[in-house]
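Listed below are the residues making up each chain.
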Amino acid sequence: MKVAILVFPGTGGEQDCHYVLTEVFGLEAELVWHTETDLRRFDALILPGGASYGDYLRPGALAKFSPVMGSVIKAADSGTPILGIGNGFQILLEAGLLPGAMLVNESLLFYCGPQKVEVVKDRTPFTRGIAPGTLLDLPIAHGAGNYFIDEAGLAHLEANEQIVFRYAGSNPNGSVGAIAGVCNAAGNVVGLMPHPERAVEALLGSEDGQQIFKALINYWEAKK
Amino acid sequence: MFKAEIKVTLKPGVLDPQAKAIADSLSVQGFSEVDAVRVGKYIEVILEADTAEAAASRVAEMGRRLLANPVTENFSFTLTPLEGEA
Chain F
1 MKVAILVFPG TGGEQDCHYV LTEVFGLEAE LVWHTETDLR RFDALILPGG ASYGDYLRPG
61 ALAKFSPVMG SVIKAADSGT PILGIGNGFQ ILLEAGLLPG AMLVNESLLF YCGPQKVEVV
121 KDRTPFTRGI APGTLLDLPI AHGAGNYFID EAGLAHLEAN EQIVFRYAGS NPNGSVGAIA
181 GVCNAAGNVV GLMPHPERAV EALLGSEDGQ QIFKALINYW EAKK
Chain R
1001 MFKAEIKVTL KPGVLDPQAK AIADSLSVQG FSEVDAVRVG KYIEVILEAD TAEAAASRVA
1061 EMGRRLLANP VTENFSFTLT PLEGEA
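Taken in order, these protein sequences are the chains called F and R. Following the numbering used here, the numbering of the first sequence begins with 1 at its first residue and continues without gaps. Following the numbering used here, the numbering of the second sequence begins with 1001 at its first residue and continues without gaps.
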């Protein structure tokens, strides 16, 4: 399995993702600059966190017009597993690959700290094999992670089982339904605000983030 | 040439934490008459177009594709012809 880690101007989490995939799990992974227009050689895509285009206008709003996004949309349509983390999630929302939108945190504060996150859905390439109800200890770090979708949209998400992660315990940012992550209707595109790539070694406080990448490996092994 | 003055506002019903903080601050400063505050963005675009209709159509497209997020935001604009250029 070969994973592309997309890098936009202002992306910051690409090295952490690359480290997890190559050093922790021994997978093949490549940093791909946002001007790339052909992603067909990759089996999975990750859009890491950071602040693409300085978060100007709205987080993710400018990155959605980067040259690479045409092939991201093609990959999404063809069922390729795609994970957006933090700002990567915001880009997938802005691009319309995932439903909903982000608002600034209800507190108006940038919040950075550990957070309990409940896995709600296991039928995605990034949660395969994690029992629903499992609590993961993952760091969050964002100023605009307040997930919004209108009532009809929320009912649709629930009916279609597109909520993948919820914040457990306190809701750190005011997200509707304490939603921390969602997927598209097909389930192959997943976005979440917490950072699994920053929680892969006990030395750094938690290795629960490993489960997200193990899920992708399980998914890939099962598909072969 | 036209100048488009574009307003992007949060849709009614979308929680606006900045506006709430501003309203609270106004109230603390004695503006007890303040009933509601909403915060939005103002964007100016200078563009070439043959007619006002053509300019309006392009600005509307800019709003749909980039300037506003249709999930959370509305946008509106006014157009002014700019003098001095044919």
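Since the hints were made in silico from the structure, they are not lab data. Treat the numbers as computed from the prediction; the structure is a model and nothing was measured. Keep in mind that the hints are not guaranteed to be accurate.
Claimed, not checked - Computed from the model, here is a short list of chain R residues facing chain F with C-beta under 7 Å:
(1) Pro1017
(2) Asn1069
(3) Val1071
(4) Thr1072
Claimed, not checked - Derived DMTMM-like pairs: lysine to aspartate or glutamate, alpha-carbon spacing no greater than 25 Å straight-line:
(5) R:Lys1020 with F:Glu151
(6) R:Lys1041 with F:Asp150
(7) R:Lys1041 with F:Glu161
(8) F:Lys116 with F:Glu161
(9) R:Lys1007 with F:Glu106
(10) R:Lys1020 with F:Asp150
(11) F:Lys74 with R:Glu1061
Each residue gets a CB set at the ideal place from its N, CA and C atoms; glycine is no exception.
Going through the hints against the structure:
no.	hint	verdict
1	Pro1017	holds, 5 Å
2	Asn1069	holds, 5 Å
3	Val1071	holds, 4 Å
4	Thr1072	holds, 5 Å
5	R:Lys1020 with F:Glu151	holds, 22 Å
6	R:Lys1041 with F:Asp150	holds, 21 Å
7	R:Lys1041 with F:Glu161	violated, 34 Å
8	F:Lys116 with F:Glu161	holds, 21 Å
9	R:Lys1007 with F:Glu106	holds, 23 Å
10	R:Lys1020 with F:Asp150	holds, 20 Å
11	F:Lys74 with R:Glu1061	holds, 23 Å
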